[in-house]
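S.K.: The lines below spell out each chain.
Protein chains: 2
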Amino acid sequence: MKIEQKGKSNVKITDSFWKKRLEVIRDHVIPYQWEALNDRIPDTAPSHAIENFRLVAGEVEGEFFGMVFQDSDVAKWIEAVAFSLENEPNEELEQIVDEVVALLGRAQDENGYLNTYYQVKEPKNRWTNLRDNHELYCAGHLIEAAVAYYQATGKREFLDIVCQYADHIASVFGPEEHKLKGYPGHQEIELALVKLYDVTANENYLNLSKYFIDERGKQPHYFDLEKNERNETKPFWFNDDYAYHQAHKPVREQKEAVGHAVRAVYMYTAMADLASKTNDESLKKACEALWDNVTQKQMYITAGIGSMVFGEAFSFDYDLPNDLSYTETCASIGLVFWANRMLNLEINRKYADVLETALYNGTISGMELDGKKFFYVNPLEVQPDASEKRNDKRHIKPVRQKWFGCACCPPNIARLVASIGHYIYTQKENELFVHLYMGHETQIDIAGNQIGIVQKTNYPWDGNISINVSPKSDQQFTISLRIPGWSKGAVVKVNGEIVDHEPLMKNGYVYINRIWSENDQVELALQMVIERIQANPLVRNNNGKVALQRGPIVYCLEEVDNGKNLPSIFLPRDAELKAKFEEDLLEGIVIISGQAERIEEAGWEDKLYRPVDDHTRKVEIKAVPYYAWCNRQPGEMIVWVNEKR
Amino acid sequence: MKIEQKGKSNVKITDSFWKKRLEVIRDHVIPYQWEALNDRIPDTAPSHAIENFRLVAGEVEGEFFGMVFQDSDVAKWIEAVAFSLENEPNEELEQIVDEVVALLGRAQDENGYLNTYYQVKEPKNRWTNLRDNHELYCAGHLIEAAVAYYQATGKREFLDIVCQYADHIASVFGPEEHKLKGYPGHQEIELALVKLYDVTANENYLNLSKYFIDERGKQPHYFDLEKNERNETKPFWFNDDYAYHQAHKPVREQKEAVGHAVRAVYMYTAMADLASKTNDESLKKACEALWDNVTQKQMYITAGIGSMVFGEAFSFDYDLPNDLSYTETCASIGLVFWANRMLNLEINRKYADVLETALYNGTISGMELDGKKFFYVNPLEVQPDASEKRNDKRHIKPVRQKWFGCACCPPNIARLVASIGHYIYTQKENELFVHLYMGHETQIDIAGNQIGIVQKTNYPWDGNISINVSPKSDQQFTISLRIPGWSKGAVVKVNGEIVDHEPLMKNGYVYINRIWSENDQVELALQMVIERIQANPLVRNNNGKVALQRGPIVYCLEEVDNGKNLPSIFLPRDAELKAKFEEDLLEGIVIISGQAERIEEAGWEDKLYRPVDDHTRKVEIKAVPYYAWCNRQPGEMIVWVNEKR
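If you read the protein sequences in the order shown, they are chains A and B.
All residue numbers for the first sequence refer to the working numbering, where the first residue is 26 and numbers rise by one.
All residue numbers for the second sequence refer to the working numbering, where the first residue is 26 and numbers rise by one.
No lab work stands behind these hints, which were simulated from the structure alone.
Any given hint could turn out to be false.
Since the list can't tell identical chains apart, any single copy or any two copies may satisfy a pair.
Using 30 Å as the maximum straight-line C-alpha spacing, the simulated DSSO-like pairs for lysine-lysine come out as follows [claimed, not checked]:
1. Lys518 - Lys643
2. Lys632 - Lys310
3. Lys669 - Lys513
4. Lys375 - Lys632
5. Lys647 - Lys669
6. Lys280 - Lys302
7. Lys643 - Lys322
8. Lys259 - Lys453
9. Lys669 - Lys603
10. Lys280 - Lys632
11. Lys397 - Lys44
12. Lys669 - Lys632
13. Lys397 - Lys518
14. Lys605 - Lys398
15. Lys206 - Lys146
16. Lys149 - Lys427
17. Lys180 - Lys643
18. Lys375 - Lys274
19. Lys643 - Lys669
20. Lys414 - Lys180
21. Lys669 - Lys322
22. Lys375 - Lys414
23. Lys259 - Lys589
24. Lys632 - Lys274
Here chain A stands alone, though its shape is the one from the complex:
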């Protein structure tokens, strides 16, 4: 079997915004998580994730500890390390991973099986509870990690391990009579198998992924069949038949996002992958319908998804309460994956706009600026008292946490940020689509010609981007620049000359086809203004409110800047709003300020209700980027601000 080390990112991030985050991942998150995986963090519940593998390898004595999906923490950590190594080699870290990989090898069964929970706790019950027990999910993360590590280092050992495991899984599941007709309760392996196919070109993996997707939701329902086999009688806890797992009906019949949001977007990602790899038109249509449903009816302005804690799930169209949202970090990360794959199906800025919104808002909000604490839930309105005292808001933590019992989000954000360079481009033969603007250098192969590219920008704080394009030799090809949906106007120049770009626009991209020569200079100036954004009036709780946005950055008001009781602030429609870069604030951000009115609390002391008799005072408000909230004193936060019209 021929394996190419393809898909490696040659992007070197030089961007002032992202470089800091990459350093935080490298310097804090990866080392901290390694300590956590090895149970060396004081005053924290042990992870036991590495120890579980040692246990299976017979190198220590003891009991399995952790979630059924504990293995995936190790996998996601390796994947983050792999992406980090792409950016910057690190021998010491590579050595650690090599040792973990060797341990995984020793823990792997003869037949390829590798799951510490089942190997230790229930060796006889493998593949008997796909619905709940995350076996295929963990396998998927191992595969993703192995692919990333192989791409970053060229080392095959981990890839061999997961290929053997995937081969074993393919021997267990499939259409043949003796095989199980199942599919995972938590989707993940589907997208991972496509990645494995990408690096190995082994179509078995693509077919297995397709099998899992195609089989899903068929009747009689596999989850019922295996439940009967287990002699389990109690009803499933979530509403509706397996909508929680997006297994309530076949995927091609699904038009509305339902159930657990992370599972949903991981599955949609794989569906989009398969649609493009297999030219499956019906799958593409399903992806498009689901995309429109999520982004036009079920997505917060931060690109957070999942509006209820029950099931960590989607609820229903336009139901986007700010103070009850779930908006899990992992779900927004999954939305990035999905958007990225939709761009493979069709170059359309509607996908890249959401990808960008998620990257600059709902994903990185999950991590403290110093990388030491994390949000699982990224709400749009926080009142600490409510989080403390109301059971229905207890999932909304007013401060980030060090680590979680279910530690999915911290390593997920680490692998996303470390792989940021993968999301800048889509290449289709001799077309290069530029989705994201961030300082970086890279080499891209177009028809055998190496094209050096250097992008410079202060994005997201201003909209000026310069791109140096240097092919080794002159070559005709297309560079397509995304003009973000938020931009009020754009000026495109090539070598100093303005390009009349409107006729070159298609689906939000300016297609510049020309013969490119060394040191050609592309300049893009996006008009970045402060926008008051309104929500569709069917989003009940946002009527009469605006959110502030500038470029891709969504803003919020914090108590530390604006005092307590933020909902008593009313922003007049005509109030001037100013943007200003503050270098020393929150690692350098553009703040938005302006004059608003605040309802006077004085005179209300002993009254709860009274006939209208407003007293307001003028106040200066200060808004900061949503992603950076809760990096100073804890307190209230709102994204949607009452408006005075």
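Starting from the known structure of chain A, arrange chain B on it as the hints suggest.
M.R.: Below, chain B alone, put in the same frame as chain A:
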């Protein structure tokens, strides 16, 4: 022991508003509940409440069925019947009650004990779990019922039963060394024992009530002691140490309402009773602090209380979310009890205003106009989809239910409405305070002189009240009329002549002291206008919103009148609002109408967010009394309306 049949209401309600409700209680609620208690309602889970007593009496075979507090359903039903008999004798009904009373007598133990759950299920475990198992609560309801039935009919049998039971309880609980130092997990018996004292003049009952109140919340904590006795190790499910039962600290140290709202107000009612009966100043102070906390910081505009489903409880100051409220019918009923007792401590309209708000809004909203269906939870904002699809809003039923597994609210509203006449007056020697305005006739004894009183009014639809005062012989005494807090002005006339009432005002009451003669005529004209009410700005979710109120009636918008998506309606501050009586609508109500603006949904089809670009259209809105909502097609409802300023 001398027992007087005192406390009987001689009030005959002739009021167009309340008479209909009394008839509904008589004609539908009481007969329906009797069928329910006897398990004769098809397609409904059986109550078994009567059957449980038969079981104990040894008259049938079988098993106990129902809640641990199932007995209280029978008690509350008898109490409702008793009050109904006061209004209108009914031999058939009285006969049924007599038979039930005889059954209770046969079920009662030799020593006075009477609780079917323990008698059948756990005869050896009596008084071992006061915290959870409602033994004293059920006893309290039996006592209340017996007192009411005695007052209504003069029949002593039931009273004798509960006296014997109360004597038994007094032999079990108390300060003496051999007695248990406990008190109920669900307060109720405390206020019942005061009622029993009132009719029997037996101070043991007053002292036992006082003992329960005084003992509450002391350390070491009785609930811990009995828990240890039970060898129970699991922690109590609610936040904080027994705040759920208002037993987290001694009652005199409690300044903020916490925990289960019904338990709280039942306890505060007893505290106010004891404060006035025993002249306990420290208890009075605690009542006042708690009153101010509840009514100034934790009460919905409808007099609903309890803002979270978890624990059916208070949450914290100013936390009054409209779409998550619990606002149990029983809690507002308890607030009526408490307000009534506070008026015994001090004549102040702040108590009567809340009493009135609860009566016309948050209590009767719990019952369908025809008396056939009931709300347990009385929310201030309803979106049926959210109730159906969001687990955190599932307690908010978009339509009233026939009956409940925990059937506390339907009989509670029945007994409240049936006893409405008891809340009109407070008499203090030769002062008669008129709290409520409703058509009725009565005879009141002032210093041995019978005073005939006839009140006529169209209240709550207009503010004109006439009162005919006819003493048997001329007599000097004071009639004090409450001028409600909502009134913008009042004109008081006696025998056609305007009284300059301002100098006669004290704490919201006009004190008219004169020699009254036959057919003296008092007229009171309260200015009843439509008010836009604002909430204290610390009530986060009501900033920028108004509620409409006219007289004591709080209004709401329903989907049936105003279409879907009610939060997209904005009511301009200067829009004229009109009140109009509609005889054929909802049994005759005053509606409020006016012109508002509605955010256009057209043009938003495929968008969730966009820069501000409002399009509004003018719409006519129609508001109906909150209590009458959900008596037509089900749909959305809001009390707090967005305002355009």
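S.K.: Next, verify each hint and record whether it holds.
M.R.: Structure-based check of each hint:
1. Lys518 - Lys643: Neither way: Lys518 and Lys643 sit 44 Å apart in one copy and 47 Å across, limit 30 Å.
2. Lys632 - Lys310: between (56 Å within a copy, 19 Å between copies)
3. Lys669 - Lys513: Close inside one copy (24 Å) and across copies (29 Å); limit 30 Å.
4. Lys375 - Lys632: between (49 Å within a copy, 11 Å between copies)
5. Lys647 - Lys669: both (17 Å within a copy, 24 Å between copies)
6. Lys280 - Lys302: Within. Shortest intra-copy distance 21 Å satisfies the 30 Å Cα cut-off; inter-copy 67 Å does not.
7. Lys643 - Lys322: Close across copies (26 Å), not inside one copy (35 Å); limit 30 Å.
8. Lys259 - Lys453: Intra 51 Å, inter 62 Å, cutoff 30 Å: neither.
9. Lys669 - Lys603: Both, since 18 Å and 25 Å are each at most 30 Å.
10. Lys280 - Lys632: The answer is between: 17 Å across copies meets 30 Å, while 49 Å in one copy does not.
11. Lys397 - Lys44: Within one copy only: 17 Å inside a chain, 67 Å across chains, cut-off 30 Å.
12. Lys669 - Lys632: For Lys669 and Lys632, both the intra-copy (24 Å) and inter-copy (23 Å) Cα distances are at most 30 Å.
13. Lys397 - Lys518: Neither, since 42 Å and 74 Å both go past 30 Å.
14. Lys605 - Lys398: within (28 Å within a copy, 59 Å between copies)
15. Lys206 - Lys146: within (24 Å within a copy, 49 Å between copies)
16. Lys149 - Lys427: neither (36 Å within a copy, 50 Å between copies)
17. Lys180 - Lys643: neither (63 Å within a copy, 68 Å between copies)
18. Lys375 - Lys274: Answer is within; shortest intra-copy Cα gap is 27 Å, inter-copy 58 Å.
19. Lys643 - Lys669: both (13 Å within a copy, 18 Å between copies)
20. Lys414 - Lys180: neither (51 Å within a copy, 49 Å between copies)
21. Lys669 - Lys322: both (26 Å within a copy, 26 Å between copies)
22. Lys375 - Lys414: Between copies only: 29 Å across, 40 Å inside.
23. Lys259 - Lys589: Neither way: Lys259 and Lys589 sit 47 Å apart in one copy and 38 Å across, limit 30 Å.
24. Lys632 - Lys274: between (53 Å within a copy, 27 Å between copies)
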